[in-house]
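K.L.:
Line by line, the protein sequences give chains A and B. Each position in the first sequence, counted from 1, maps to that position plus 231 in our numbering. Each position in the second sequence, counted from 1, maps to that position plus 40 in our numbering.
Hints are computed from structural coordinates only; laboratory data are not their basis. Zero decoy hints are in this set.
Which bits of chain B does chain A cover? Going by a derived footprint, with three or more residues having C-beta under 8 Å, they are: (1) 361-371; (2) 390-401; (3) 451-464.
Anything over 10 Å on all C-beta distances counts as not near chain B; from chain A, calculated: (4) I280; (5) V373; (6) K397; (7) S402; (8) K403; (9) E406; (10) L431; (11) V461; (12) F520.
A quick note: this is a predicted structure, and the numbers were derived from the prediction, not measured. We treat Cβ as the ideally placed atom computed from N, Cα and C, and that holds for glycine.
Residue-level listing of the chains:
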Amino acid sequence: MKLVVANAPHVRTDDSVRKIMIDVLIALMPAVIGAVIFFGWYSLIMCIIGAFFAEFLEMFIVRILRKQKDFKPDGSATVTGLLLALNLSPIAPWWLILIGVMVAIGVAKQAFGGIGQNFFNPALVGRAFLLMSFPTYMTTWVAPKIPFSKMPWDVVTSATPLGILKEQGFSKAIESSGYWNLFIGNVGGCIGETSALLLLIGFAYLVVRKRVTLTVPSTYIGTVFLVASVMYLINPERFGSPLFHILSGGLFLGALFMATDMVTSPMTLKGQAIFGIGCGVITMVIRLFAGYPEGVSLSILIMNGLVPLIDRATKPRVFGEVKT
Amino acid sequence: MRLLTFKGGVHPPEKKELAREQKIQIFPIPKTVYVFLSNHAGAPAKCVVKQEDRVKTGQIIGEPSGFISAYVHSPLTGVVKNIEKIYHPVHGKPMEAVVIEQTDDEEEWELLERKVWESSSKEEILEIIKKAGIVGLGGAMFPTHVKLSPPPEKRIDTLIINGAECEPYLTIDYRLMLENAEEMLQGILITMKVLSVKEAHVGIESNKMDAVQHLRKVFKNTPIKVHALKTKYPQGAEKQLIHAITKRKVPAGGLPMDVGVVVQNVGTIIAIKKAVVDGMPLVERGLTVTGEAITKPFNAIVRIGTPISQLLEAGGITEDAERVILGGPMMGIAVNKLETPVLKGTSGITALRASKPWEEKPCIRCGKCITACPMGLEPYLLNLLSSKKRYDDAVNNGLLNCIECGSCAYDCPSKIDHVRSIKLAKKVYLALRGGKK
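Pulled out of the complex, with its shape left as it was, chain A reads as follows (with noise of 0.2 Å):
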């Protein structure tokens, strides 16, 4: 009999770091299957090319660079990875998810020193590189027409209903979609975030698995929709209808699955609340008054960055204390 001592708690929760990440792709499936229906195969094989190459090079870095040796993979870049391909336009080269995953978990991850240390989304930094570095690629759309075709270049380009209002107005934007095809996903727009139901259907998993508090969701899309139904009532050829903003661009698959990121998000819930809150009023503010006609991404970066902020501001109340 060999007797351990160490100190109490003697029993732990079988959770892991690595259990929360496989749930999160389990949770990612039903959007990754409807890229492939909506936009071909191509587009699965950008999953995987971001996924594989991700989880690769975070082993070549932190296994060689950082002569971590022991070091096992967790998931967490496997989910870095192909939320950056979810991100990415159906017709972007195959190329363009190497140097995005370079960027996301080279730069925006493990430089800062690796998993939770890291201040901003690495998805959306690499995202956001993309998006400077490569315009055309990463703007130029392709409307989904054929179910489970092989290649998508041969097909017309098309803008995505957010495009569309920004340039031609509400009335001609949701004529081209209509609210249904918006909610199946059945428009143009990155692989991963033109199906609202499909997000849905995974985020719900996460949800049943208590994975994620639903604080940062709805917060984030319910100050979309209350900022959104205010200027329809101002100007709604112009601004378009709440339930299009919420249906639209990015917005699910952000609110759902990238604003919840737990190392990029605040700790409590107070805190959360305040997060969902500063992404809804900053995307709202650069889909209807700057330049880009989305502004998901950029929102969630902006409001990572307030975080450490956030948290110091949302201290819990220590049970006892008296508010002075």
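Go by the hints and put chain B onto chain A.
P.N.:
Below, chain B alone, put in the same frame as chain A:
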């Protein structure tokens, strides 16, 4: 039915089923006992016996050496073999213990002076409790007579009996509540008299509803109320228990008496009854021997100073046991010296099989520790500040309010050991600052 509870906490597997059906047995008196002179919180007792002295069961072998200190009695009839230093599991260093060996004589008791408590004064009862060497049997081992004599400016109006037993595995309080309810009733009435309080509450977790119902029946027509509490760890932590039952919040850095409450554990209450009514000093206590590495878990009344090896043997410890814990798995102390004796505060012995070793990973800021902390602290931050030796910053973030319940470390997906660094930081801070700010 709405269950009373507090904010925060975790749900570790309860594991009560291992021993909950086992009736309390009387464990055979061991041949040799090792009785620490430090069998309580505060100053160690002063030894009043010497080698080769013959002692009776219940005879005083140690006298209090300060205000917060307690009497220590011989747990058996025999002869003092030695006074030697052995490893003390709570203090983590060798401390003086009286080694008493049983002689062939029939057991002879030296009982306390007995009075009819109904007609005795508070002071007389308190003196008996002090003479009996009673300390908090829940684990903290704080001398009970001190706890029961709060300074006069603190008006006490409520007595709470802690029957939550929120530690996983342990079942002794549950068995005591089922089997010794009448003794409990007397103990509570005595304690109420000492404190001059009109109401008493018993708090029991809802995984012991039969105990709740049984006590409600026994305590009918008395001022004692029995409450069912939500099964959640650490429901039995003093401040959380008080908040759940009375809705009063003990101020940060304060004591239960600051909100007019005194909390006593079920075992302590029964010890008080035995001392005051039967004249029996604290020489034995109930405990649970349980865990996956025990083939026949049991609840038993055991003499203080019994080496735990004998208890483990009686329970049939398996070869693959990896941790032997004094107490439960959430706050208990792991020992590797099986000659370690039972202390007054040993509520159980939990033997666990080898588990998958856990590896500490970087914090992913999931916030589970914050949700779990019953004291409203940010364990991740305290862990960070403590490991960076920023003790003053840690204290400003509530370090000293930590009750070391282990909820944060239990729930951490990265298996971070917040409690270890927090405990260390507390020690260093108090040593550096001398307890003063």
